[in-house]
Amino acid sequence: MTPEEAALTVCVVVAAYAGIRVLLERNTVKKLPFLNVCSFAVAGSIVLILPHPLTIIAAAAYFIGTTLESNAIASTYAGGIREE
Amino acid sequence: MPADPLHILIAAAVSWVNFIAIDLFFRLPERGGVSGASEIGRQIEAGGGALPGGYMMGNIVSSPDASAGTLLAACGVFIAGVPGGLLTALLVYLGNRVCHDPGYAGTTGCITATFIVYGFSLIGISPASFIAGMVIAILTIQGISSVHASRLLATLWGWRRA
Amino acid sequence: MNLLPMLVFGLLVVLGTGGTILERDPFAKLISLSLIAAGVIPFVVDRGYLDVAIALALIVPLSTFFLLMACRRDRT
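Residue numbers (the numbering used here), protein chains in the order written: chain A, 1 to 84; chain B, 1001 to 1162; chain C, 2001 to 2076.
Here chain A stands alone, though its shape is the one from the complex (with noise of 0.2 Å):
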C-alpha cells in the first residue's frame, strides 16, 4: 500500500463517518460543522483520485463553493432567527 492509498482510504473513512454524522445531528446549525469535516475529507479525496495540476483548482473551488454555500446558510438562519 503506498502512502498516496493509505491516505485515500483515511480520508475516504472520515467522509463517510462524517456524512452520517450529519443526517443523526438533530440541531441544524450543529449540523454545519460536519458537513465542513466531510467537505475536507471529499477536496483532500479529489486531490488523491487524479494527481494533475488542474485538481489543485478544483479542489480549492469545491472548497470555497462549500464554504460559502454554509456561510449563507448559517447567516441566513441567524437573520430568520432573529426576525421572528
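Be a bit skeptical, because a hint or two may be false.
As the list claims (entries may be wrong) - Computed, partial: chain A to chain B, Cβ under 7 Å:
| hint | residue |
| --- | --- |
| 1 | L24 |
| 2 | N36 |
| 3 | A41 |
For the record, the hints were derived by calculation from the structure and aren't laboratory data.
In this text the structure is predicted, and so the values were computed from the model without any measurement.
All C-beta atoms, glycine included, are put in the ideal place defined by N, C-alpha and C.
Following the hints, position chains B and C against chain A.
Leaving out everything else, chains B and C in the frame of chain A:
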C-alpha cells in the same frame, strides 16, 4: 515506498499545531466574524460548550481560515511542489475576500504550511500523508464532540490572551 | 477508483438524498443537498472531467443562494 501509519500521525500532529497556532494568533476566537459564525458559536454554547471555542469553530466553518490553508497547501505541494502551494495561497486569499474576511489567517497558514510540508517531504514524509493528517486534525476539532472541542479551544484561547 | 472510495461516495449521495427527503427544516434540506454534491464531484473527477468538476463546484453554491432567497421569504 510502503505506507507508514506513524507518518500520518506525525503529519496530523504537525498540521494540528500549525492551524491552531495561526488561528489563535489571528484572534479567531475573539468574536464571530460574520453573523453565521456568531450563530454557530451561540448554538454550541447553548449545547453546553464554551463561547470562544464556538466562535472559532463557527469561523472555521464559514470562511477558509488556516485549516483550509493547510489542507490546500498540502494538496498543492503534493501535485506541483512549492509553486503549487503558493498558487493555493492565492486561491485561499480570493476565497477569503469572497467570504467578507480580511484573509490574513488563511493566507498565512497556507504559506507556512507550504514550507512545512515541503520540508517534511525532504525527510521522507510524503505530502499525501499531510492531506490525510489534516483531515484527521479537522476531525478532532469539528467532528467528534463540539462540547469538548469548544472547551479545549477556549482553554487554549485563555492561554493566548493571558 | 478502488471499491472502497466508490462505495463511500455512493453512500454520501444516498445519505444526502434520504436526508433531503426526510428532513423537516428547509435549512436541513439544503445541507443534505450539498451532501449530494460532495458525493457526485469525486465521480466526475475520477473520469478526468476536471472542467466539469470546477463548473459544478461553482454552480452548486450559487443555486443554493437562490434557494436560500426562497427560504428567507418563506420564513418572514
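Of the numbered hints stated previously, which ones are contradicted by the structure, given in increasing order?
-> 1
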